[in-house]
Amino acid sequence: MPKSIFITGGGSGIGRAMARHFAARGWFVGLADIDGAGLAGTAALLPEGQSSSHRLDVRDPAEWDRALADFAGVAGRIHVVANNAGVAHGGPFADNTRAEIDHLVDVNFRGVAYGAQAAYPHLKASAPGSCLLNTASAAALYGASGLAVYSATKFAVRALTEALDGEWTEAGIRVRSIMPGFIDTPLLHGPAGAASNGSKRDAVVAAGLEFTPVEAVAQAAWDAVHGARLHTLVGKTARQLAFAARWTPGILRKRLPALMRPGKGE
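In our numbering, the protein residues as written are 46 to 311.
Worth double-checking, as some hints may not be accurate.
Said to hold, decoys possible - Taking lysine-lysine pairs in the DSBU-like style, the calculated list, with each CA pair at most 35 Å apart, reads:
id	residue 1	residue 2
1	K169	K48
2	K281	K48
3	K281	K299
Simulated from the structure, these hints should not be mistaken for laboratory data.
Whole structure, please, built from the sequences with the hints as guidance.
Written out as structure tokens, the structure is:
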């Protein structure tokens, strides 16, 4: 049987691009998302008979167990689990609602942690060479003004990746992350925050930052799964931020508030 990958957030954006990339290389793809229409849209782009779809709310550990068991029943073994589902809210931290904070933490970190626990026995069964791939962010390199809670959740994903890579080495499981900069996906098309009239995409454009093609993120995911690098930076913004965070943190601290200041549409 071909190798298999289970991808959360598979109904759009990075998850859809990952699915197409891996399927094009002969992998069997498990698509997971809370959005049924999105799942159907991605499945229609993949070769017939090369994917299965699973409705999954990553905030529910029981749904994780069910979805992975269902996928294993179809695929045989699970070689990679891509913890990719995520949400984004921004704006000044003082204006963030408690609902926004809870939503970010529940999806971006609890969902990833629940997924890692649920994935472990499946990845152990297909080891050595299996992989847990977490989608972190360039926002995990330095706390981003205007993205405080989002950035904090991605720092948590980064830390979890590093910890589990150490813990699971003996089991033959690699744990990796990708850290993309700004990607022009549906995640950026909604309001920057509850108190904002502008979109997250508008804020990125106003700051003069670049968008990384989603196909580049899919290639980075492939490279991460097959490579030795713990964290894979994706895009010019991510690489520049990593350099500045390491070598010129004082300058970065002064520049970030201006870069991430809301745009005219807010």
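Going down the list of hints, with the structure as the test:
At most 35 Å may separate the alpha-carbon atoms for a hinted pair to count; K169 and K48 meet this at roughly 15 Å. For a cut-off of 35 Å, the pair hint linking K281 to K48 stands: about 31 Å separates their Cα positions. Between K281 and K299 the alpha-carbon distance is near 20 Å, which keeps this suggested pair within the 35 Å criterion.
Violated hints: none; the structure is consistent with every hint.
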